[in-house]
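These protein sequence lines map, in sequence, to chains A and B. Counting from 1, one number per residue, gives the positions in the first sequence under UniProt numbering. Counting from 1, one number per residue, gives the positions in the second sequence under UniProt numbering.
It is worth saying that the hints were derived from the structure and are not from the lab. All values reported here derive from a predicted model rather than from experimental measurement. Take every hint as true, because none was put in to throw you off.
Straight-line C-alpha distance at most 25 Å; calculated DSS-like pairs for lysine-lysine:
1) A:K310 with A:K368
2) A:K358 with A:K368
3) A:K210 with A:K576
4) A:K571 with A:K635
5) A:K370 with A:K310
6) A:K358 with A:K220
7) A:K576 with A:K635
8) A:K563 with A:K370
9) B:K64 with A:K220
10) B:K62 with A:K210
11) A:K220 with B:K62
12) B:K64 with A:K210
13) B:K64 with A:K310
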Amino acid sequence: MDFFDRFAVPHPSLAIYASMAAIGLTIIAVIAGLTYFKKWGYLWREWLTTVDHKRIGIMYLLSALLMLFRGGVDAIMMRAQLAVPENTLLDAQHYNEIFTTHGIVMILFMAMPFIMFFMNFVVPLQIGARDVAFPRLNALSFWLFFMGAMLFNISFVVGGSPDAGWTSYFPLAGTEFSESVGNNYYMIAIQIAGIGTLMTGINFITTILKMRAPGMTLMKMPMFTWSALIANVIIVFAFPVLAVLLAMGTLDRQFGTNFFTMDNGGMDMLWANIFWVWGHPEVYILILPAFGIYSEVISTFARRNLYGYKSMVGSMVIISLLSFLVWAHHFFTMGQGAFTNSIFSITTMAIAVPTGVKIFNWLLTLRKGKIVFTTPMLYSMLFIPLFTLGGVTGVMLAMSAADYQYHNTMFLVAHFHNVIIPGVVYAMLAGLHYYWPKMFGFMLNEKIGKWTAWLLSIGFILAFMPMYVSGLDGQARRMYTYSEAAGFGLMNMISFVGAAIMAIGFVLIVYNIYYSTRYESRDISNDPWDARTLEWSTHTPVPEYNFAILPDVRSNEALWDAKKNGHVLFKGEYQKIHMPNNSGIPFIMSCIFFVWGFSFVFSLWIPVILTTIGIFVCMALRSFEQDHGRYISVKEIEETETNLRGA
Amino acid sequence: MSQLFPMKQVLGFVFSLLLTTVALAVYFLDMSFAAGMTILLVTAFIQAGLQLVVFMHAGETKDKSAIYTNVFYGLIIALVTVFGTLLAMVWDM
Ligand code: HEM
Ligand SMILES: [Cu+2]
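Okay, chain A solo, but in the shape it has when bound (with noise of 0.2 Å):
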């Protein structure tokens, strides 16, 4: 191939060049916008070199809810093309593109960073901690996360998309039938982002393991800190296998190895099965979050202590383990006998009874209380029902013999929405809604935030209930249109308008966060939902220390304990408080990561080789310089106090 043949699209349409040239505009309007206002400096020194996990934490939510954008629109462009049969909105090679980019960004790039936000903008302040263990590698794993987000997102602008599915099974991903680079973005762009990941864990897991305020015992942990914490521990677990699983697909892809071919001693089902060892748990550490969310949501607007803490705690601990153990029912139907089958069958069905253990502590929690419906209760609300309708159909799936009918089909893909919308997303807006007046000082609307859960549980149903009929019919996965004759035309045309209607609810969220900045009152206390945990009994906006004493624990609800048992949280004098200093290596480490992946993409091996060099110098840097953090002073300290009590 001609040089700069590479770097073209290899099957361009206008839409592309329509983005390009947007994409190309929003860059200029960007930089030009921060020339003008002089914002350079402030960006460099408040956020691009923060080690303030709040900070970090808000700047994966924005990236977060970035991508959720992103990953809509792929939605929607895909529900428009299938919402009549034979149409031609999207040819099947640009189909393929977009929904493996759709599973990628939605599940790497949306749901990842978002959980990341609420560890760490909640984790320290739950706990009574100053900072996560490691600040500077927390501002390396955000820069990592992000430059491969950003390097996955511009494959479709230089280059051409990955189109082997968000789970790229060998032989089809491997260059014998993927030619063009996109596949290459896959393997590169996610191993950028999964090396940020995995070292969020081992930070999270030090964090949470150290780091706690005195007399916190592990068992007096919130229940959103042991959720973080488990997920955690199966991040570090899970996450390395995907970094060699990558490795080894780029060299197949690459170098001419042999792991994943179809000949050569190359065993093509490999892929799919490393994947799923990743896979399955990976779905665990999205959920087990969300969990935790719930928990602290349901037992503040229920105005009691969650039900069941033990067996929420053992749940959790059960369900990391078995999440390892299940791997194999994602291809059932690939060839391995009734045995091995059998054995999987069994173990995912197992999960269902941790799972439905914590959906009956919730429940248990709710009876006798005295239930606020806010919009974070109402999410919460809204979640059980439609999560268990999806656990339901998960314990479908899981029968070995069934799957052969299931497998594949819009019935897999109804199930999967089912945990993740209602588990997962219904979650994190619950959370949006929950912590939004601890990040930025005033409330998110309620009554646009109410008619905005109403709104996407409406067009959930509708999105994807008729997909388990569709699918139990025979509509498979993945293809990007069907005849008139097969009579799956209704069935989509109803997922389309519920998918639309979904659209509409995402849009007023962003309406809602742009009406509540303007009007929604700034007088609000640092405990506006009448709550239980530490996170708000400190200031609202948090001071860069978060506590000017460090809180003393009795239970795990020390806030509820200060409030109505008259415990007295914040004893002694003020002392000068030690922090990290900002840096700015995290994002220039990254940045060179961003071309190395590029080069790497591109096969182009010096700059390779240099930016490789320049990624150990970034390291060599940080191992001899000489930074002790640095104090502020009691009298800083009273100062900043008195201010905030002050409001």
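Please arrange chain B with the ligands on chain A, whose structure you already have, making use of the hints.
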């Protein structure tokens, strides 16, 4: 004097060299695949344990239990993954 000389570490180092030599021998000596694999697996696990305890100080702080729990958890998951894969991809095809 006995406190100053890092006896444990030196012995550990000698032992780990020994393990490496044994593993290396598999390449140079002529033996069956099964025998070679067994030797490699056994020496690899002992080597990893040795490094962890002697040189990475796994048992020396009060985080001992957290560290060992983690290691065992990892071990279980690794074994399950390997044998599950063998089952699905090779033994039961
Ligand atoms: C009661 C619990 C659950 C059971 C028994 C279950 C069972 C299953 C089974 C057997 C499959 C494979 C079906 C097939 O390929 O034919 C599957 C697919 C899937 N499940 Fe679940 N599941 C459960 C919960 C969840 C949760 C909580 C999530 C995510 C948060 C989830 C996400 C997914 C995804 C993403 C896929 C499909 C991936 C793909 O092929 O692209 N599941 N589930
Ligand atoms: Cu699964």
